[in-house]
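Asks: Quick mapping for you: the protein sequence lines, in order, are chains A and B. Counting from 20, one number per residue, gives the positions in the first sequence under our numbering. Counting from 271, one number per residue, gives the positions in the second sequence under our numbering.
Hints may contain errors.
[Stated by the list, open to error] Calculated cross-link-like contacts (lysine-lysine; reagent style BS3-like; alpha-carbon spacing at most 25 Å):
#	chain 1	residue 1	chain 2	residue 2
1	B	K460	A	K166
2	B	K369	A	K113
3	B	K464	B	K582
4	B	K464	B	K376
5	A	K220	B	K478
6	B	K478	A	K113
7	B	K369	A	K178
8	B	K473	A	K113
9	B	K465	A	K178
10	B	K369	A	K166
Rather than coming from a laboratory, the hints here were simulated on the basis of the structure. If you're wondering where the values come from, they're calculated on a predicted model, not measured in any experiment.
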Amino acid sequence: MAKLLIKSMLLLLCMMALPAQAQHYGGSLAYGRVSIPQWNRAIEVYNFSRPYLLEPLETYSSNIHLQGYWLQRPYEKVSLGPMINYTRNCLNGKAPNLRVDVHVQRLELDALVRLRKVAFKKELNSFFMDLSPGIHLAYLTRRHNGKAIFTVSDEAILKRVRSLGIGIGLGFKIGYSLYFSRQLLVSPFALIKYTPLMYAKNSINVLNQLTMDGLRDHSMVYDFRVGIEVSFCWAVED
Amino acid sequence: MSLLGLFLPGVLASCQKIDDWTEFDGKVLIIGAGAAGLYAGYLLSEKGIDFQILEASNHIGGRIEQLKDFADFAIDLGANGLYGNYSLASDLAHTAGAKLVQESRKRSYWQKDHFIPELPFEFIFHFDTMAEEAIDDDLTYSAYFDEYGSEEENEFFHHYAAAQAGTSPGRVSAKWEPLIKSKKSSGNGKHIFKKSCYDFLDKLLVSKVSSQVSLNTIATHINYQENTIKVTDASGTIHEAQKVLLTVPISVLREGAIEFTPSLPSQKLSAFNKIGMDACIHVLLKFSAPFYPEQIIGGTTCAQYFDTTYGKEASNHVLSAVCMGVQAEKLSGLSETEIVDAIIAELDEMFEGVASSRFQGAHVKNWWNMPHIQGAFSFCKPGHGEDARLDLAESVANKLYFAGEASHCNGHHGTVQGAFETAYREVLKLVSDG
Numbered sequence: 020m021a022k023l024l025i026k027s028m029l030l031l032l033c034m035m036a037l038p039a040q041a042q043h044y045g046g047s048l049a050y051g052r053v054s055i056p057q058w059n060r061a062i063e064v065y066n067f068s069r070p071y072l073l074e075p076l077e078t079y080s081s082n083i084h085l086q087g088y089w090l091q092r093p094y095e096k097v098s099l100g101p102m103i104n105y106t107r108n109c110l111n112g113k114a115p116n117l118r119v120d121v122h123v124q125r126l127e128l129d130a131l132v133r134l135r136k137v138a139f140k141k142e143l144n145s146f147f148m149d150l151s152p153g154i155h156l157a158y159l160t161r162r163h164n165g166k167a168i169f170t171v172s173d174e175a176i177l178k179r180v181r182s183l184g185i186g187i188g189l190g191f192k193i194g195y196s197l198y199f200s201r202q203l204l205v206s207p208f209a210l211i212k213y214t215p216l217m218y219a220k221n222s223i224n225v226l227n228q229l230t231m232d233g234l235r236d237h238s239m240v241y242d243f244r245v246g247i248e249v250s251f252c253w254a255v256e257d
Numbered sequence: 271m272s273l274l275g276l277f278l279p280g281v282l283a284s285c286q287k288i289d290d291w292t293e294f295d296g297k298v299l300i301i302g303a304g305a306a307g308l309y310a311g312y313l314l315s316e317k318g319i320d321f322q323i324l325e326a327s328n329h330i331g332g333r334i335e336q337l338k339d340f341a342d343f344a345i346d347l348g349a350n351g352l353y354g355n356y357s358l359a360s361d362l363a364h365t366a367g368a369k370l371v372q373e374s375r376k377r378s379y380w381q382k383d384h385f386i387p388e389l390p391f392e393f394i395f396h397f398d399t400m401a402e403e404a405i406d407d408d409l410t411y412s413a414y415f416d417e418y419g420s421e422e423e424n425e426f427f428h429h430y431a432a433a434q435a436g437t438s439p440g441r442v443s444a445k446w447e448p449l450i451k452s453k454k455s456s457g458n459g460k461h462i463f464k465k466s467c468y469d470f471l472d473k474l475l476v477s478k479v480s481s482q483v484s485l486n487t488i489a490t491h492i493n494y495q496e497n498t499i500k501v502t503d504a505s506g507t508i509h510e511a512q513k514v515l516l517t518v519p520i521s522v523l524r525e526g527a528i529e530f531t532p533s534l535p536s537q538k539l540s541a542f543n544k545i546g547m548d549a550c551i552h553v554l555l556k557f558s559a560p561f562y563p564e565q566i567i568g569g570t571t572c573a574q575y576f577d578t579t580y581g582k583e584a585s586n587h588v589l590s591a592v593c594m595g596v597q598a599e600k601l602s603g604l605s606e607t608e609i610v611d612a613i614i615a616e617l618d619e620m621f622e623g624v625a626s627s628r629f630q631g632a633h634v635k636n637w638w639n640m641p642h643i644q645g646a647f648s649f650c651k652p653g654h655g656e657d658a659r660l661d662l663a664e665s666v667a668n669k670l671y672f673a674g675e676a677s678h679c680n681g682h683h684g685t686v687q688g689a690f691e692t693a694y695r696e697v698l699k700l701v702s703d704g
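Using the sequences and the hints, build the whole thing.
Replies: Here it is as structure tokens:
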């Protein structure tokens with residue numbers, strides 16, 4: 020898995036190093052509904068087993084996404100580039116004398132393929148479609164009463180309760196680019212993304228403090244996002 | 271089709287909330303009011319499900335029991351702490367406002383006839399690597415130490431190592447015990463209650479379920495042929511319910527103290543015999559002044575002694591001697607006075623007669639002689655690992671469910687934490703089965 024990750028990262032770097040005819044930087048802010056069934060099931064089991072919780076631990080449901088990308092040949096029918104996406108969630112629960120926070124951070128490194136019906140030069144406002152396969156990472160940590168938890172695995176070694184998940188995801192996005200100027204585009208979009216986290220050792224343990232429920236560590240992540248993308252273009256040929 | 275198959279199952283599963291599983295509206299009978307039985311009762315009461323707990327003895331708590339009038343502080347006679355700081359039990363303790371102290375006792379090691387400052391290196395090395403080395407040969411601790419070269423003079427420490435598993439070195443698996451224990455997720459450090467383990471149980475659970483507990487009610491027969499299960503107790507009274515959750519110790523199940531109609535599946539009966547549970551005697555000794563270290567490891571009569579006042583607010587001086595397995599069986603044949611004499615004699619040998627000169631009184635708790643408990647806690651016998659515990663945890667005909675520390679499959683067997691976890695696992699299963 021680690022080798023695959025390294026190879027994919029190298030591929031992205033190679034893409035970035037390709038000679039560019041134009042440069043197109045973009046960023047977006049999106050609101051997303053997320054479904055991670057196995058994780059949510061683990062949280063529901065956690066809540067079921069602890070009726071004394073005054074506020075049950077929240078399930079993973081929605082979040083805000085920050086995204087950045089770089090495209091070469093932005094005005095062509097097909098343009099390519101790397102994309103990075105970051106989200107952070109904090110799920111909370113409360114019991115007498117105990118506050119539980121589960122922090123979930125997700126980082127997606129995607130290869131972005133943007134398709135337009137016609138080259139952008141000929142029609143300023145236009146639909147586009149993105150396909151974005153990539154490597155997705157998820158990092159889970161847990162805090163009790165604001166403090167990170169360490170389980171003592173040895174007298175000399177402290178082991179933090181955490182999990183790193185790795186998976187390969189595929190995103191599909193449609194949007195409509197609105198022309199403000201040759202350098203500025205604003206595009207509302209909708210995106211769905213599917214990521215099987217094939218390796219997420221200890222994630223169930225981070226979520227519900229157990230390893231015994233028959234809940235599998237690997238999980239499926241289903242994203243649906245809507246948002247606004249703002250892009251800045253510098254076309255070399257201009 | 272394949273694309274839909276990729277997306278839909280997960281999305282649909284995510285829509286199904288746990289509340290949808292809880293369609294059960296019948297009555298549940300819980301056999302045993304130990305940690306598992308009490309926690310199961312607590313969960314059922316919170317879910318609004320009708321239940322009753324049948325307890326064979328005259329008190330609540332099972333292997334969590336406290337002694338109040340022996341010293342100026344409450345003493346746990348059974349379970350006295352929690353392993354790790356990351357578990358359901360640890361959360362419960364926090365919620366109940368219980369104070370815990372991480373155990374870090376200063377140890378002294380008694381080797382045949384003298385104290386040594388630390389454990390011999392080869393013993394530590396072999397103990398640490400036991401799981402890996404014993405992976406091919408399913409040996410007992412004794413056979414393992416013989417084969418891998420721990421010296422004969424370390425035999426006393428072998429007894430201590432096995433006592434941690436609740437037995438003697440000739441009975442516990444050097445493969446399965448460390449392998450399964452390594453799966454536990456709570457962390458390793460032991461945390462002692464500043465008050466008592468029972469106190470914490472009492473605060474959070476007992477008050478919520480005690481009205482549903484029938485004491486001195488010994489279940490002797492369970493008929494689960496019909497939809498309504500009939501549990502007959504020793505007085506002949508029949509209790510009816512739609513589900514029965516058994517939380518009695520594995521030793522009681524193995525003894526056949528409860529009859530089943532129809533008979534339990536052979537796999538289940540076989541599981542009762544594959545999981546070990548051995549004798550245990552806890553002797554409390556009160557002295558006028560302390561003369562002993564916080565922990566003594568390696569006695570011949572008793573492999574482990576510890577200062578009972580550790581982490582407590584106390585002015586009395588009490589030492590615990592906890593004998594397991596063969597050591598406990600040997601003592602069990604003696605009267606209580608003879609047991610105390612044997613322990614005092616060993617301490618006198620270690621401390622040149624000081625023990626008997628400062629001795630003020632003793633209390634003996636023989637867990638092996640308790641008819642509804644019969645031992646300490648479960649351990650892995652050679653040849654039987656997770657399979658036996660999984661078989662034990664398997665429900666029968668969606669009517670009989672089995673909880674308790676012995677049915678924990680992921681490293682928490684033999685602990686209060688294990689008992690709690692199996693209770694909620696079975697309650698979840700029970701309400702999901704409908």
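Asks: Please go over all the hints and tell whether each is borne out by the structure.
Replies: Structure-based check of each hint:
Only pairs whose Cα atoms come within 25 Å are accepted, and K460/B paired with K166/A is accepted, the gap being roughly 20 Å. In summary, the hint linking K369/B to K113/A is supported, as the alpha carbons are separated by about 19 Å, within the 25 Å threshold. For the hint pairing K464/B with K582/B, the CA-to-CA distance comes to about 5 Å; that is within 25 Å, so the pair holds. As the CA atoms of K464/B and K376/B are separated by approximately 18 Å, the hinted pair is consistent with the 25 Å bound.
The suggested pairing of K220/A with K478/B is violated, with an alpha-carbon distance near 37 Å, which exceeds 25 Å. Restraint check for K478/B and K113/A: satisfied, since their Cα atoms lie roughly 20 Å apart, inside the 25 Å limit. At roughly 23 Å between alpha-carbon atoms, K369/B and K178/A fall within 25 Å of each other, so this suggested pair holds. Annotation: proposed proximity of K473/B to K113/A holds, straight-line Cα distance about 19 Å (limit 25 Å).
Only pairs whose Cα atoms come within 25 Å are accepted, and K465/B paired with K178/A is rejected, the gap being roughly 28 Å. Pair hint K369/B plus K166/A holds up; C-alpha atoms about 17 Å apart against a cutoff of 25 Å.
When held up to the earlier numbered hints, the structure conflicts with 5, 9 and fits the remainder.
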